[in-house]
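Peer 1: Could you put the whole structure together from the sequences, leaning on the hints where they help?
There are 2 protein chains.
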Amino acid sequence: MKPLKVALLGCGVVGSQVIRLMHEQAGDLAARVGAPLELAGVAVRRLGRKRDVDVDPALLTTDAEALVTRDDVDIVIEVIGGIEPARSLIVSALSRGKSVVTANKALLAADGATLHEAARTGRGDLYFEASVAGAIPLLRPLRESLAGDHVKRVLGIVNGTTNYILDKMDSTGASFTDALEEAQTLGYAEADPTADVEGFDAAAKAAILAGLAFHSRVRAEEVHREGITDITATDVASAKAMGYVIKLLAICARSDDGRSFGVRVHPAMIPRSHPLAGVREAYNAVFVEAESAGQLMFYGKGAGGAPTASAVLGDLVAVGRNRLAGTRGPEESTYADLAVHPMGDTVTRCHVALDVADKPGVLARVAELFAKHDVSIQTVRQEGHGDDAQLVIVTHRATDAALTATMEGLRELDIVRAVASVMRVEGDE
Amino acid sequence: MKPLKVALLGCGVVGSQVIRLMHEQAGDLAARVGAPLELAGVAVRRLGRKRDVDVDPALLTTDAEALVTRDDVDIVIEVIGGIEPARSLIVSALSRGKSVVTANKALLAADGATLHEAARTGRGDLYFEASVAGAIPLLRPLRESLAGDHVKRVLGIVNGTTNYILDKMDSTGASFTDALEEAQTLGYAEADPTADVEGFDAAAKAAILAGLAFHSRVRAEEVHREGITDITATDVASAKAMGYVIKLLAICARSDDGRSFGVRVHPAMIPRSHPLAGVREAYNAVFVEAESAGQLMFYGKGAGGAPTASAVLGDLVAVGRNRLAGTRGPEESTYADLAVHPMGDTVTRCHVALDVADKPGVLARVAELFAKHDVSIQTVRQEGHGDDAQLVIVTHRATDAALTATMEGLRELDIVRAVASVMRVEGDE
Chain A
1 MKPLKVALLG CGVVGSQVIR LMHEQAGDLA ARVGAPLELA GVAVRRLGRK
51 RDVDVDPALL TTDAEALVTR DDVDIVIEVI GGIEPARSLI VSALSRGKSV
101 VTANKALLAA DGATLHEAAR TGRGDLYFEA SVAGAIPLLR PLRESLAGDH
151 VKRVLGIVNG TTNYILDKMD STGASFTDAL EEAQTLGYAE ADPTADVEGF
201 DAAAKAAILA GLAFHSRVRA EEVHREGITD ITATDVASAK AMGYVIKLLA
251 ICARSDDGRS FGVRVHPAMI PRSHPLAGVR EAYNAVFVEA ESAGQLMFYG
301 KGAGGAPTAS AVLGDLVAVG RNRLAGTRGP EESTYADLAV HPMGDTVTRC
351 HVALDVADKP GVLARVAELF AKHDVSIQTV RQEGHGDDAQ LVIVTHRATD
401 AALTATMEGL RELDIVRAVA SVMRVEGDE
Chain B
1 MKPLKVALLG CGVVGSQVIR LMHEQAGDLA ARVGAPLELA GVAVRRLGRK
51 RDVDVDPALL TTDAEALVTR DDVDIVIEVI GGIEPARSLI VSALSRGKSV
101 VTANKALLAA DGATLHEAAR TGRGDLYFEA SVAGAIPLLR PLRESLAGDH
151 VKRVLGIVNG TTNYILDKMD STGASFTDAL EEAQTLGYAE ADPTADVEGF
201 DAAAKAAILA GLAFHSRVRA EEVHREGITD ITATDVASAK AMGYVIKLLA
251 ICARSDDGRS FGVRVHPAMI PRSHPLAGVR EAYNAVFVEA ESAGQLMFYG
301 KGAGGAPTAS AVLGDLVAVG RNRLAGTRGP EESTYADLAV HPMGDTVTRC
351 HVALDVADKP GVLARVAELF AKHDVSIQTV RQEGHGDDAQ LVIVTHRATD
401 AALTATMEGL RELDIVRAVA SVMRVEGDE
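Going line by line, the protein sequences match chains A and B. Sequential numbering of the first sequence, starting at 1, is according to UniProt numbering. Sequential numbering of the second sequence, starting at 1, is according to UniProt numbering.
For the record, the hints were derived by calculation from the structure and aren't laboratory data. Where hints are given, some of them may not hold.
Stated by the list, open to error - In silico contact screen, one side only, chain A against chain B (beta carbon under 10 Å); selected entries:
hint : residue
1    : A31
2    : I136
3    : R140
4    : H150
5    : G278
6    : E281
7    : A285
8    : V288
9    : A293
10   : M297
11   : P307
12   : L316
13   : A339
14   : P342
For glycine and all other residues, C-beta sits at the position ideal for the given N, C-alpha and C.
Peer 2: In structure tokens form, the structure reads like this:
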């Protein structure tokens, strides 16, 4: 059987695992695809660098463009990340009818349209399971297993770095800075942690998830995004005292009328009894709520060389089979073309801690303000007294716009010394 | 666009939901498949019966064979269950080149080979996501997402009825009989609960899972099967006292040398900290352990009309797309052709409670017997004294044969009055 030739772009943490596994599992992969997979070349930035895997030096090249356009290459695996040159290389490959497997969430979320269009015109496959939640089979279930269902909500922990940091803060009482430093030491966070801690990585994944769940096109810039850098040890401790844990969540949810949806990434308090509360260290977990299926949960390793390579190789087998059968996998599905509604229209709940003057009528004034904005209060608890009096309020569900307006109003009330903390509450409706 | 014509076999709990959803989501399904899906006919046992869904009486027929062989039928959905006439009808359809979506675990596990062979020769698709774990996307991830990985173990709760019963026994202290009765009242257990409580249903699912995980053919009769009917409130309480919970598990695991695998269904004690311990009521959850991906977990509703229909419709969209593209999904993969090893070769651990005479040297005699069978003891605890003395022992890992021989030896020891309970321990190695 004629082998399928595979070009690999990138030989870092993921790429080196892809090479190792393609070699070690060559027999199994050939049996599952129906033909041997042969590494045609590996595009790298520098030829001489030491690598984590044995690779024939003759396969290495710095000319990625020449590699992806080679006539004998059938499939291109892109694991270099970033927007350029990844986009140009993928488009080059797809427009020549090659199939592409990519783990590039940033590119898919920034400009997926260009990639899908190139796949459509070139008649190649574009697979990207590894782009969200690493080894966890999540995109294929959304795209195929749930194709006969109506997805209402996707809610999950899709960034391992921030989950590691928040988990450490929760379990040891560490500050954000200390927890981040530990994550960096252990290799869970990069030297420049911005993409993770500011929520950019999770936002890109949320855009991809929302697009698949709602059959619409979503770009990263449409995702409401808040990171975790402002979360203090006090926030974590006070959440803990109330039976909550703080997680960075990606949430994609249809509006009640089903005509639009919201996509957002922000820290939120979830009850400790919620299954996502038990997701420790750098693990990922995603809830999917569909009309007929009900609640589903997917859990596993969201990052790392081998787990990501597992997802890449699963896609490689799929596109390999498709090429041998002369067919293609499911195309991008955007027929529903729903709008992303603004964050203000999102319905959520809020936990707020207020430092207040301890005098009669304070609660009445505060309650009046909530009522003015049509935000109903679920629980209120007064802590301390005198100068240290604090009101801790959890609201019922309201639009984010109403909640935001309420918080602004509270800041202007003379009896409120400070709004000590504000955080959304999810997962217990 | 010419519609794809769908024949439905069975109009019970699942079939009626399939009809409802095909009707309610007709627009979405057409957009996702690429052509409208049209119900060509519904085979039922009795025409006049009242149904849970509005269905055009002109579509109903008692002649299932005539329906599946109609020239205009493209896809057959089989949700009648059981071996015959389901097998003959599916083979008739497949051998005529039609595609089949089935939820029939019993048939797949008893004689999947015949069905897959018919699909291969007829060039139609055979999809069966709904046969295991209802709405949870599990078979497609195993078959496709993990196609580039090396699955080592699948361990899960795949029968909702027994999980409901064991959960009630655990949370309320109820006896098996009372918990079963409650499950029957609530519709979680059937009037004749044999298939569930004796583990036949879980064993069929285990056979399907093992076949996919290890790329080999597995029949239900090769699955070691023990039910939950002998579990007493005392077993549950003593497991609880030791920090364990009893669950009916389906376990498919490769041997250490990778050349064979075991498939078994039996009750086992798992630590309360294990994620499967938290699976309540009639929910299902399955752990998959793969070499590169690590541990993955899938959780959701394992049964019920709408959840099962969700899985059926997902498959319906997939086979519909395939027909329009003139292609087929992945065929049965049995290239590895590994053998199922006997239960005695399975490596597991054991919890045993012994009523013993309270005299010096008892523990030494018991320990000697374990040593004779090469079974090493992890913990031993003595409870009570005098005539009520009980030794509670948890072993380290050993073959099931050695553990069984040890238990037989214990029953013959004069100082052992009775072996009060024996149960395997899983999930904490």
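Peer 1: Against each hint, give a clear statement of whether it holds in the structure.
Peer 2: Structure-based check of each hint:
1. A31: holds (4 Å)
2. I136: Holds. Min distance 6 Å.
3. R140: holds (5 Å)
4. H150: holds (7 Å)
5. G278: holds (7 Å)
6. E281: violated (12 Å)
7. A285: At about 8 Å, which falls below the 10 Å cut-off, the nearest Cβ of chain B leaves the hint on A285 (chain A) intact, so it holds.
8. V288: Holds, about 9 Å.
9. A293: Constraint on A293 (chain A) satisfied, holds at 4 Å.
10. M297: holds (4 Å)
11. P307: Holds, about 5 Å.
12. L316: holds (6 Å)
13. A339: Violated - the Cβ of A339 (chain A) stays beyond 10 Å from chain B, reaching only about 17 Å at its closest.
14. P342: violated (25 Å)
Hints 6, 13 and 14 from the earlier list are contradicted by this structure; the remaining hints agree with it.
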